[in-house]
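Top to bottom, those sequences are chains A, B and C.
Mapping of the first sequence onto my numbering: residues 1 to 327, in sequence order.
Mapping of the second sequence onto my numbering: residues 1 to 389, in sequence order.
Mapping of the third sequence onto my numbering: residues 1 to 498, in sequence order.
In case anyone wonders, no lab produced these hints; they're calculated from the structure.
The structure presented is a predicted model; accordingly, all values stated were derived computationally and were not measured.
There could be a bad hint or two in this list.
What the hints assert, rightly or not - Covered by chain A, per the in silico footprint, the following chain B stretches (three or more residues, Cβ under 8 angstroms):
no.: 1; segment: 179-185
no.: 2; segment: 207-215
no.: 3; segment: 370-382
Note that CB positions come from ideal geometry on N, CA and C, so glycine has one too.
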Amino acid sequence: MTGALDLALRQATFIIFACVLLYFGLQAPGFLTPESLGNIVKQSAFIGIAAIGITFVLLTAGIDLSVGSVMYLAPLIAGLAMRDFGVGVGGGLFIGVAAGALLGAINAFFIVRLNIVPFIVTLATLFAFRGFGAFLTSSQQLDFPPAMRAFGQATVLGIPAPILFFAATALLAHVVLARTEFGRQIYAVGNDPEAARKAGLPVGSVRARVYVISGACAGLAGFVLISQIGRLDAGFGEGREFDVIAAAVLGGASLFGGVGSALGAVAGATLIQTVKTGLVFTGVNLYLQPILQAAIIFLAVLVDSLRQHRLREAKRRVIRPAGETGP
Amino acid sequence: MTANVPAGADPRPEPVRDRALPRSSGRRIGDILFSDYFVLYLSIAYFLALIPFLPTLSTPANLANLLSNMWPLLVVAIGQTFVLTIAGIDLSQGAVAGLTSVAAALLLATAAPVAVLGNAPVWGVFLGETGGLLAGAPGATTIGVALILLIGGLIGLANGLAVAVLRMPAFMVTLVTMIAVGAFAIWLTQSNNIRDLPDNFIALGKGTLVSLYFGEAETSEVARRALHAFVTWPMIIALGVAVAAHIALNRTVFGRYVFAIGINRKTAEISGVPVRRVIVTVFVISAVCAAIASILYTARLETGRPTLGSGNFLLDVIGATVIGGTSLFGGKAKIVWTFFGVLFFVLLSNTLNLMNLSAFHIDMVKGGVILAAAFLDVTRTRLMLERTP
Amino acid sequence: MSTLLAFDGLSRDWFGVPAVSDLTLDIPEGSTLGLIGQNGAGKSTLMNMVGGVVPPSRGSMRWKGAEYAPRSPADATRRGIAFIHQELNLFTNLSIAENVFIDGFPRRFGLIDARRMHDVTAALLERLQLTHRPETPVGDLAPGERQIVEIAKALHRAADLIIFDEPTTSLTPRETARLFDLIGRLKAEGRTVVYISHILGDVARLCDTVAVLRDGRMVDTGPASAFDTERMIRSMIGRDLAGMYPGRTAAPAAEPVFEARGLTLSGVIEDVSFTVRQGEVLGLFGLMGSGRSELARVIFGLDPLERGSLTLAGRNLAGGPAARIAAGLAFVTENRREEGLLLEAPVAQNLSLVALRDFARGALALLDETHHASATADLGADLAIRANDIHRQSVKALSGGNQQKAVIGKWLMSGPRLFLLDEPTRGVDVGAKFEIYGLIDRLAASGAGILFISSELEELTGMCDRILVMRRGELGPAFVPPFERMHILAAAFGEAVA
């Protein structure tokens, strides 16, 4: 009985996902077709890639509010290089990701070196990065060379480019998190930073690298979406940090650190997009959609809190010494 | 602890007392750094330093503008200060402001164009050609304001219950509220603004009690634009909220409980502090403050606007509060700090505007200032530790 | 046999209070040393020095013949010292195998070689007879199983010295038997073991050498064969220092002020009944993990009660802490920094926290600042809290003894009928202890009941009218003066003494 409850709490996202698919499938016959499902994945690539990046940060119990601005500034730098120096799309992609990583490194410097709380640092860089981008462009829209859109519309074996990038990022992130020493140390640091320090893990370096990764992913996410539309507005990515965090949390990442996965972030971003698309299919007013998304996120967070609460309760029930700490 | 001056009533620096011994200049610099008035000194220094470069800065018109920008932000920031004091955060204030702005219009508008709003779900229910629900009713504005505050309070109640009883993290709870309430406000009017608000409501955001005139004394007629608003309704309201908040935080049992929870929730619980009730109350205060600020903004803009609190609203609020010196870790806050933080932030925006910088450049500078403030706080805390024996 | 680890005149002070003084001891390679002593005897501090958590104040250590001054816990681990602590250093969100390999994964093509990692771990687990798969998350394991994972870590690193610190307190008898079996095998492999425990029979059975600490000093050492339980207990009990305790000024009344009947919380406490009389100081003695703090938490309403009833001054106790405080209960927890104080707040605000509502005036509950200032100043003076300015100085800046006086002090304004004092003198110096004892006597003389929980037997025998002993969540016999410390200690250890 309680075992079933714990299992349900643990797999909440997938249960919710299944219910959502089932519901819309029954409501709108066209919903469960391959085209519409493919479109959902394509459209969730943008938030999804950034959500994978921020999952690294959330795993260490940190936060990155600057992703929305990095999504704007990093592709902007790439776009300037492409427009003014004739860099190709491939080079632009590289510059975009590298610029994102550099912006993440700036966050990391303030957080790890100067020991300022992540919330404040990334709140400040949220302002600063966007401001710097506006300074570079004088707040003008930036038009990318036509090659950019061609790149964004390209398909490989019938698979659209955004899905390829989404899948590649997810696969790479999954391998890093699940199969490398660095990945497992991220989980350790998020679970118990004090124990990680005692075990001699490079806690500072782990914490710094997750912000670099988050920045790089945000840069890539921005670049991929811009390749769909071919231009960059001054307000691009504004407020998206909350969508990204919501997708990661919906995918099972805990704000308390130590819990979450790359595939969870993929599921979270895709779930949000599924709900959006499903609501369009069933003709729900456009402005009402965020409310339903919010309800689903609320449910996921509530489940996480209940799970934490049960864990604490289970711990208390065993007679355990408080520990002989030094006088 | 705090100087016995209600916030804002007398923002003049007060000499640091109780330390009559002669001290080195290093210690004196330290005193300034640790003083409650540090951000005020900083604002004054910044202001004086820029006057030579920006002559318009000190003109009465600009000062009046600066003040009028300050009051609504101050009210929201005060609400946020309470939440930060218990080591929480309220991301939903902007959405509350948006919803209450729409609510104000739906209740009080005296007319509405069917061409613009005919498609909104509220049309025919709350709003018609003749205006909002309470349009023309006796005491409409009073009832309307009460209902707006009630709406804000209910949202705060929901936030507070989720945090205190369901033990969900404040960040996620208020994020969800932000998304849902924000979307609801936009849905209500299908993203349209509603104008035609009654004059006595607009007075809450623009009404002037005392105006100043700088010019010839023997003129029989003074042009309207030569008059500069000095004492306005928003000023009275904001200072009233500030004084009330200062008293609540520093002079009441409730305020002590707020600090106790922020410093150590476990100790507070074991000492019999009604932790849950205080947390819920704090979130209600935060949302009600957002609703009050929404009234000030809505009245000033003469428009009910669902997107009132979107964009950088939230970041301005948290930035101003943190620059004042309030800690995100809880237990360290003062209303005067928030007052000076808001003053500095508004002054900063104003000067950057006068420099003809774009909104985005202003963002960049604001970001840098928030970082500098945070770094200063880390340094201050370290120095403080070294100072105490 | 060569010496593996040696201490030479090792000392460590905490804020001027010595925790370990001038300790000299050799641990030969391949030996098993039993380290015993009462709580506060200095065992943890000694182990923290060995583990690189704190540096010694004076003296030195040698490891394998060379100077040894570990800079961090990781440093100590690298040198070949493994700790199996009461609180385990495991990452609950990682698998058993990952915990074993956390600071150095086997790699293949840059990725973790999961197969090798699991093979090695599986072999270790088999050796340790733990029937879990290497990929099982540690969070799914029982406490005893987690301990075995710690041992697997130690074996994997080929640690030369394995230190067990109270390893059996949270284990079932079966798990304990398996652990002892394991330790026996480690010994047979020639590894050096230090075993710290309150369970004296286990120490006698497992170890070749016994060392007894008391007040930070080595007071008795020798081969285990020469130590029977009686000698161990005798060595752990110090002589009374003359004048350590103020005399009691009043005898307790006959009427009970508090009654507990059949308190039960499964897995924690079992059928606990006792009464406290007006003006009585009732001691509650027990080892760590015996359930004494848990009992106090249940009485205070922090943890739920499954069965049983509580009466205070004739009224039934129910509800949460706030309701029980109103009924006349006060609780000084064993963790003053985490649960007792608002460290960053001024002393005065700590003193008035519990009774804050008494300073409220009018409908707005405005604080009467004048009254508040004078009342807290009076209380501070009465308690002789040494601070520059109790209205400005944060309690964090006070010494341990003065902090503890503030923790007790915050309850005094609410006029409680029963005080639950959990380790009220932990971590305070001798002078402050004396003051706290005086305070306890004053409270009792004023008619309040006191439940004095402590793991220092001396202070209980010095202060109490009666002493109860708790063991494994149950109350044992009650002792009355003249107190036989041997018998009380034996009851707590669950040993029979002739």
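Hint by hint, here is what the structure shows:
Counting residues of the segment 179-185 of chain B whose beta-carbon sits less than 8 angstroms from any beta-carbon of chain A gives 5, enough to reach three: the coverage restraint holds. Closer than 8 angstroms: that is the beta-carbon criterion, and the segment 207-215 of chain B has 0 residues meeting it against chain A, so the requirement of 3 is violated. Counting residues of the segment 370-382 of chain B whose beta carbon lies closer than 8 angstroms to any beta carbon of chain A gives 5, which reaches the threshold of three, so the coverage claim holds.
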